[in-house]
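Colleague: Once you've looked at the hints, dock chain U against the given chain L.
Chains L and U supply the protein sequences, listed in that same order. Taking my numbering, the leading residue of the first sequence gets 1, the next gets one more, and so forth. Taking my numbering, the leading residue of the second sequence gets 1, the next gets one more, and so forth.
Mixed in with the good hints, there may be bad ones.
Said to hold, decoys possible - Just a few of them, taken from the derived set where beta-carbon distance is under 7 Å, the chain L residues facing chain U:
hint: 1; residue: Ala28
hint: 2; residue: Gly29
hint: 3; residue: Arg212
hint: 4; residue: Asn293
hint: 5; residue: Gly301
hint: 6; residue: Ile302
Said to hold, decoys possible - A few chain U residues that don't get close to chain L, going by computed Cβ distances all over 10 Å:
hint: 7; residue: Gln21
hint: 8; residue: Asn93
hint: 9; residue: His200
If you're looking for bench data, these hints aren't it; they were derived computationally from the structure. Positions of the beta carbon are idealized from the N, C-alpha and C atoms, including for glycine.
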Amino acid sequence: MSTTTAQHIEPAAVTPKPTVASTVQDYAGRIRGGDLGALPAVLGLIVLCTFFGIMRPAFFTERNFANLFTQGAGVAVIAMGLVFVLLLGEIDLSAGFAAGVCAAVLAQIVAVHGYPWYVAVLAALATGVVIGLILGFLVAKVGIPSFVVTLAAFLAFQGTVLLLIKGGTNISIGDDVIVAIENNNMPPWLGWALVVLAGGGYAAVQLLSHSRRQARGLVVEPIAIPLARIVGLVLILGGSVYFLNLERSINPLINSLKGVPIVVPIIGILLIVWTFVLRRTAYGRHIYAVGGNREAARRAGINVDRIRISVFVICSFMAAIGGIILASKGRSVDPNTGGSNVLLYAVGAAVIGGTSLFGGKGRVIDAVLGGAVIAVIDNGMGLMELSSGQKFVFTGSVLLLAAGVDALSRRRAAASGIR
Amino acid sequence: MTPLLEARGIVKRFGPVQVLQDVDFSVPPGEVTALVGDNGAGKSTLIKCISGIYTSDEGEFLFEGNPVTIHGPRDAAALGIEVVYQDLALCDNLDIVQNMFLGREKRSGLVLDEPTMEQMAAETLAGLSVRTVKSLRQLVASLSGGQRQTVAIAKAVLWNSKLVILDEPTAALGVAQTAQVLELVRRLADNGLAVVLISHNMNDVFAVSDNIAALFLGRMVAQVRTTDVTHAQVVELITAGRSGNLGLPPAENGAELVDPTIPGAQQ
Numbered sequence: 001m002s003t004t005t006a007q008h009i010e011p012a013a014v015t016p017k018p019t020v021a022s023t024v025q026d027y028a029g030r031i032r033g034g035d036l037g038a039l040p041a042v043l044g045l046i047v048l049c050t051f052f053g054i055m056r057p058a059f060f061t062e063r064n065f066a067n068l069f070t071q072g073a074g075v076a077v078i079a080m081g082l083v084f085v086l087l088l089g090e091i092d093l094s095a096g097f098a099a100g101v102c103a104a105v106l107a108q109i110v111a112v113h114g115y116p117w118y119v120a121v122l123a124a125l126a127t128g129v130v131i132g133l134i135l136g137f138l139v140a141k142v143g144i145p146s147f148v149v150t151l152a153a154f155l156a157f158q159g160t161v162l163l164l165i166k167g168g169t170n171i172s173i174g175d176d177v178i179v180a181i182e183n184n185n186m187p188p189w190l191g192w193a194l195v196v197l198a199g200g201g202y203a204a205v206q207l208l209s210h211s212r213r214q215a216r217g218l219v220v221e222p223i224a225i226p227l228a229r230i231v232g233l234v235l236i237l238g239g240s241v242y243f244l245n246l247e248r249s250i251n252p253l254i255n256s257l258k259g260v261p262i263v264v265p266i267i268g269i270l271l272i273v274w275t276f277v278l279r280r281t282a283y284g285r286h287i288y289a290v291g292g293n294r295e296a297a298r299r300a301g302i303n304v305d306r307i308r309i310s311v312f313v314i315c316s317f318m319a320a321i322g323g324i325i326l327a328s329k330g331r332s333v334d335p336n337t338g339g340s341n342v343l344l345y346a347v348g349a350a351v352i353g354g355t356s357l358f359g360g361k362g363r364v365i366d367a368v369l370g371g372a373v374i375a376v377i378d379n380g381m382g383l384m385e386l387s388s389g390q391k392f393v394f395t396g397s398v399l400l401l402a403a404g405v406d407a408l409s410r411r412r413a414a415a416s417g418i419r
Numbered sequence: 001m002t003p004l005l006e007a008r009g010i011v012k013r014f015g016p017v018q019v020l021q022d023v024d025f026s027v028p029p030g031e032v033t034a035l036v037g038d039n040g041a042g043k044s045t046l047i048k049c050i051s052g053i054y055t056s057d058e059g060e061f062l063f064e065g066n067p068v069t070i071h072g073p074r075d076a077a078a079l080g081i082e083v084v085y086q087d088l089a090l091c092d093n094l095d096i097v098q099n100m101f102l103g104r105e106k107r108s109g110l111v112l113d114e115p116t117m118e119q120m121a122a123e124t125l126a127g128l129s130v131r132t133v134k135s136l137r138q139l140v141a142s143l144s145g146g147q148r149q150t151v152a153i154a155k156a157v158l159w160n161s162k163l164v165i166l167d168e169p170t171a172a173l174g175v176a177q178t179a180q181v182l183e184l185v186r187r188l189a190d191n192g193l194a195v196v197l198i199s200h201n202m203n204d205v206f207a208v209s210d211n212i213a214a215l216f217l218g219r220m221v222a223q224v225r226t227t228d229v230t231h232a233q234v235v236e237l238i239t240a241g242r243s244g245n246l247g248l249p250p251a252e253n254g255a256e257l258v259d260p261t262i263p264g265a266q267q
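Chain L with its partners taken away, still in its complex shape (with noise of 0.2 Å):
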């Protein structure tokens, strides 16, 4: 730096000091801009959920909010992977039925050989990675469109699951723990240690962050936006561990149900998992340069080939972990097992968040958010007793409006110059 900072000038000379109001301006100005984040997926959440309550009351009961979680979960994290592959501006359209050949693998192992439950799990995650590094090669290697070789891949993938149990039986699932992950809860203690290992962490990462960057002497935001944050966060997750928490069996006393679903945290801590590696590693900051300038990142001496590759390898092995809570959710893995409109909803899902199907925008939250929409969708039109005629129309629809929110808004913000 010796040459550089020959004539220095306070950096903090640059910025005024943000306050509460500036921040909230900036927020408001970057909507308007048309970076809307994860603005239409909240507001969709929250005008589903008053519609659907106001048309069938029981979609607001107990049994019911902890269904939308266990209904949403394969989606989300199939929805999680895929938001990999869309930050490069790739396509992963096998990512369904991927998921569908790593629950068959799971099924043949552990229901029809009999091998124990996690010999299982990990040679169906080892056939998702497979898959993704067979996809990867395919793509960066050999050079064809990833749309291509991903519906290539769609058609092979559905031959294989048919294969695999056998031209269309139903393989059934008794393992105690696959089937817990998605028909179990957890007890009404865990959740709320749950709820404040999180909130605490989470704190204590926000003002970690804002001491530090305070002590070097750089631009802070006001000290009551973490807060509200954090606030924020521990309100959303006790409120819903309070919900999970009722009972919500019809007769308690033979049966009791209560309590968070095990697959939540499972979710949970994929999310904080893959966040982590996308915000703070700087192998997330590579997938997102190159998803923005493939020739900048190249010049800028990353991997391009190896960060396509593993883009591959995230979303089929996210698939595999998809497929593992779909084969637990039915109890069984048959022919359509991810298949049907299983990729289409993780699709959805990625993009309804806020991923960008261009690429260089995108963040692993998305997935959960979209995910949580297209559960209430299904959840709701399910409840409303709607034909699946009716249900496919409107699912599709929603696609295309947040595909369309997507394209308008990225015009938006070529226009207003942010992105």
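Modeller: Coordinates of chain U only, in the frame set by chain L:
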């Protein structure tokens, strides 16, 4: 004064085509050296030899008086040579700090060390007296052309670099932004860096450079102090390879084939 970088007898061939013929080129520290020449004269090839993208077929490079071999961009970067390309190579979806450290992120353990990076970026920009950016956490997409050029240049000087090569930094800029960037180029040299400026714009060349090196059909025809020559002479060197007693000897320059009064040649 010892030149920071001295190229001696550089030859570069692409098959039968000799793009650089016995080129001598010296870059003194603390000065702006303008590298001029018509399209196809070999400017880019020479720059790519210096920055390690091409390997020269013959000739040697002296860096701070010592012979060095440059076999790749990493060798050049290790010596302190940074190139700012015409098409900036910035990521629109990343902010200023993220762009400046792209590919060379500071970390503590596994985690990115954001405060250190932001501080270093702020110090670098302050050292260059850049005060046109509102926030270091602004996305590059929201910057103007001049601001982007500034970020690209700041990115190049961040690494204690000794030689910064700028490839047509003002080609796409308006009048005010051009002035802004030229001021920055001047400040780099005043801070002790050696700067090579490739430009087609004679006004820019005369506004900031201390000396001018002219390439003509792969030969270095002259390297002169800017104060010793006029616009017209430089234009003649570019288009004809000689001007008065500067440049190639009359017998072999083929000057009669070139009309020295092409547009832009008049003062």
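Colleague: Now look at each hint and say whether the structure bears it out.
Modeller: To see whether the hints hold, each was checked on the structure:
1. Checking L:Ala28 against chain U by beta carbon gives a least distance of about 16 Å; that is not within 7 Å, so the hint is violated.
2. Restraint check, L:Gly29 versus chain U: the minimum CB separation of about 11 Å is more than 7 Å; hint violated.
3. Taken as an interface hint, L:Arg212 checks out: its beta carbon lies about 6 Å from the nearest beta carbon of chain U, inside 7 Å.
4. The interface hint given for L:Asn293 holds, since its Cβ lies 4 Å from the closest Cβ of chain U, which is under the 7 Å cut-off.
5. For L:Gly301, the interface hint holds, since its Cβ comes within 7 Å of a Cβ in chain U; the closest pair sits about 4 Å apart.
6. Using the Cβ-Cβ criterion of 7 Å, the hint placing L:Ile302 at the interface with chain U is satisfied: the shortest such distance is roughly 5 Å.
7. The non-interface label for U:Gln21 is consistent with chain L: the shortest C-beta to C-beta separation is roughly 29 Å, beyond 10 Å.
8. With 10 Å as the threshold on Cβ separation, the claim that U:Asn93 sits away from chain L is violated: the shortest Cβ distance comes to roughly 4 Å.
9. No Cβ of chain L approaches the Cβ of U:His200 within 10 Å, the least distance being about 23 Å, so the stated non-interface status holds.
Going down the numbered hints, you'll see the structure goes against 1, 2 and 8, while the others check out.
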